[in-house]
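Heads up: the sequence lines are chains A and B, in that order. Per full-length UniProt numbering, the very first residue in the first sequence carries number 1; after that it's consecutive. Per full-length UniProt numbering, the very first residue in the second sequence carries number 1; after that it's consecutive.
Bear in mind the hints are in silico, worked out from the structure with no lab data behind them. One should not assume that every hint holds.
What the hints assert, rightly or not - Taking beta-carbon pairs under 7 Å as the criterion, some of the chain B residues facing chain A (in silico):
# : residue
1 : F28
2 : L51
3 : T85
4 : Q150
5 : D196
What the hints assert, rightly or not - The calculated lysine-lysine pairs, modelled on DSS-like cross-linking and capped at a C-alpha distance of 25 Å, are:
#  : chain 1 : residue 1 : chain 2 : residue 2
6  : B       : K129      : B       : K81
7  : B       : K129      : A       : K107
8  : A       : K107      : A       : K81
9  : B       : K129      : A       : K129
10 : A       : K113      : A       : K175
11 : B       : K175      : B       : K129
C-beta atoms are modelled at their ideal positions from N, C-alpha and C, and glycine is treated no differently.
Protein chains: 2
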Amino acid sequence: MPNPSLCAPSRARVFTETERQSLYDVIFNRRDVRNEFKPDPIDPAALDRVLRAAHAAPSVGLSQPWNFILIRDPARRARIKRAFTRANDEAAAMFPENRRSDYAALKLEGIEKAPLSICVTCDRTRGGKVVLGRTHNQDMDLYSTVCAVQNLWLAARAEGIGMGWVSIFHEQDVKDILNLPEHVTVVAYLCLGYVDALFDRPELAARGWATEDDLASVVMQETWAG
Amino acid sequence: MPNPSLCAPSRARVFTETERQSLYDVIFNRRDVRNEFKPDPIDPAALDRVLRAAHAAPSVGLSQPWNFILIRDPARRARIKRAFTRANDEAAAMFPENRRSDYAALKLEGIEKAPLSICVTCDRTRGGKVVLGRTHNQDMDLYSTVCAVQNLWLAARAEGIGMGWVSIFHEQDVKDILNLPEHVTVVAYLCLGYVDALFDRPELAARGWATEDDLASVVMQETWAG
Numbered sequence: 001m002p003n004p005s006l007c008a009p010s011r012a013r014v015f016t017e018t019e020r021q022s023l024y025d026v027i028f029n030r031r032d033v034r035n036e037f038k039p040d041p042i043d044p045a046a047l048d049r050v051l052r053a054a055h056a057a058p059s060v061g062l063s064q065p066w067n068f069i070l071i072r073d074p075a076r077r078a079r080i081k082r083a084f085t086r087a088n089d090e091a092a093a094m095f096p097e098n099r100r101s102d103y104a105a106l107k108l109e110g111i112e113k114a115p116l117s118i119c120v121t122c123d124r125t126r127g128g129k130v131v132l133g134r135t136h137n138q139d140m141d142l143y144s145t146v147c148a149v150q151n152l153w154l155a156a157r158a159e160g161i162g163m164g165w166v167s168i169f170h171e172q173d174v175k176d177i178l179n180l181p182e183h184v185t186v187v188a189y190l191c192l193g194y195v196d197a198l199f200d201r202p203e204l205a206a207r208g209w210a211t212e213d214d215l216a217s218v219v220m221q222e223t224w225a226g
Numbered sequence: 001m002p003n004p005s006l007c008a009p010s011r012a013r014v015f016t017e018t019e020r021q022s023l024y025d026v027i028f029n030r031r032d033v034r035n036e037f038k039p040d041p042i043d044p045a046a047l048d049r050v051l052r053a054a055h056a057a058p059s060v061g062l063s064q065p066w067n068f069i070l071i072r073d074p075a076r077r078a079r080i081k082r083a084f085t086r087a088n089d090e091a092a093a094m095f096p097e098n099r100r101s102d103y104a105a106l107k108l109e110g111i112e113k114a115p116l117s118i119c120v121t122c123d124r125t126r127g128g129k130v131v132l133g134r135t136h137n138q139d140m141d142l143y144s145t146v147c148a149v150q151n152l153w154l155a156a157r158a159e160g161i162g163m164g165w166v167s168i169f170h171e172q173d174v175k176d177i178l179n180l181p182e183h184v185t186v187v188a189y190l191c192l193g194y195v196d197a198l199f200d201r202p203e204l205a206a207r208g209w210a211t212e213d214d215l216a217s218v219v220m221q222e223t224w225a226g
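One chain only, chain A, in its complex shape (with noise of 0.2 Å):
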């Protein structure tokens, strides 16, 4: 390893108010979207840049265990949207039957409606045997590659970008249109185009669907209840 000396921190930057202020109205402003997507394709250069933002995300070992596979051929969106179909046809089913036309009506994909699909994949096998980090929590690499997808989700919205996560599908069907190797795992199913219009609160919150807790119900001190 390089001689320690020469390894050691410096200045850390300080954020102004106004700069963490920016930072959670992205966080505060960012939306699920499903159907306000704008036909514009993406500008390559914001492309690159939220690119650059999710792949600045931590990894565990730094084993960058993520893909980024960025699907635009309608052709191929047209697959996957049939395999949301069949999958969220199953889905609707599971739900007890007096929420089963409100699941219905709920729109969940923006697949073909949004110009630029990205599937986020986890390699299993990336950086070795034992990697660093991973050895008592072997989710661990799929934790980092969700943490890519906030980074993405974050940079997409301050870019005007909309972004949906669909995660209702049969994996072994996105794996066959995409042609993944059986040591990568598909991790999120992102849509993304522009947007004009959003939703001021989780759509599922707007719609009914779901409510919200405050933060107080979910922190705890010391220990569980505690």
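Here the structure of chain A is known, so what remains is to put chain B in place on it, guided by the hints.
Positioned in the frame of chain A, the structure of chain B alone reads:
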């Protein structure tokens, strides 16, 4: 459900280039901190903002499956530290012999040095038996919780608070120390404290343990390796 005509998106917040740059500066200056923590207690108003940012993360079916357990008691943190040490000794032995002394030389946690720990958990039963968006991927609640961790991390950084994610534990040890019920999973054990100095790139890269990949090596077109 409410009348759909009362339930519509409104004009989306537009971010300026300066505001975007603030977000990118936070993202690129975020570090996994192990040793730079100062002992000063965290300002309660800053902690509240950071937790609100975490709680504003996306969650599958708006289930908000996370809890944030704030741990300050030195005796409890000492027990957590012992659980880490037990696991870390096992971890060291998993690496090839030629990497073991390098591994042992790395400081991988700030459990006792940082004044605040936050255990971020996921309640696997939150939202009921069938959760929208979790019907085909049962891990989506864990992924939602990781999105909250990443929001928390970025908000902390913007507040001048460093954060480190410790993952080298037997989960049951942490569950025992924090009295977590069976149905609650430990997603992240986080150490937080103010920082003046940080590494200017990932510490594992600065120390020669791992190398960073270029963005280009992880972006693909249309299909795997496409």
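Unsatisfied constraints (hint numbers, rising): 3, 6 and 9
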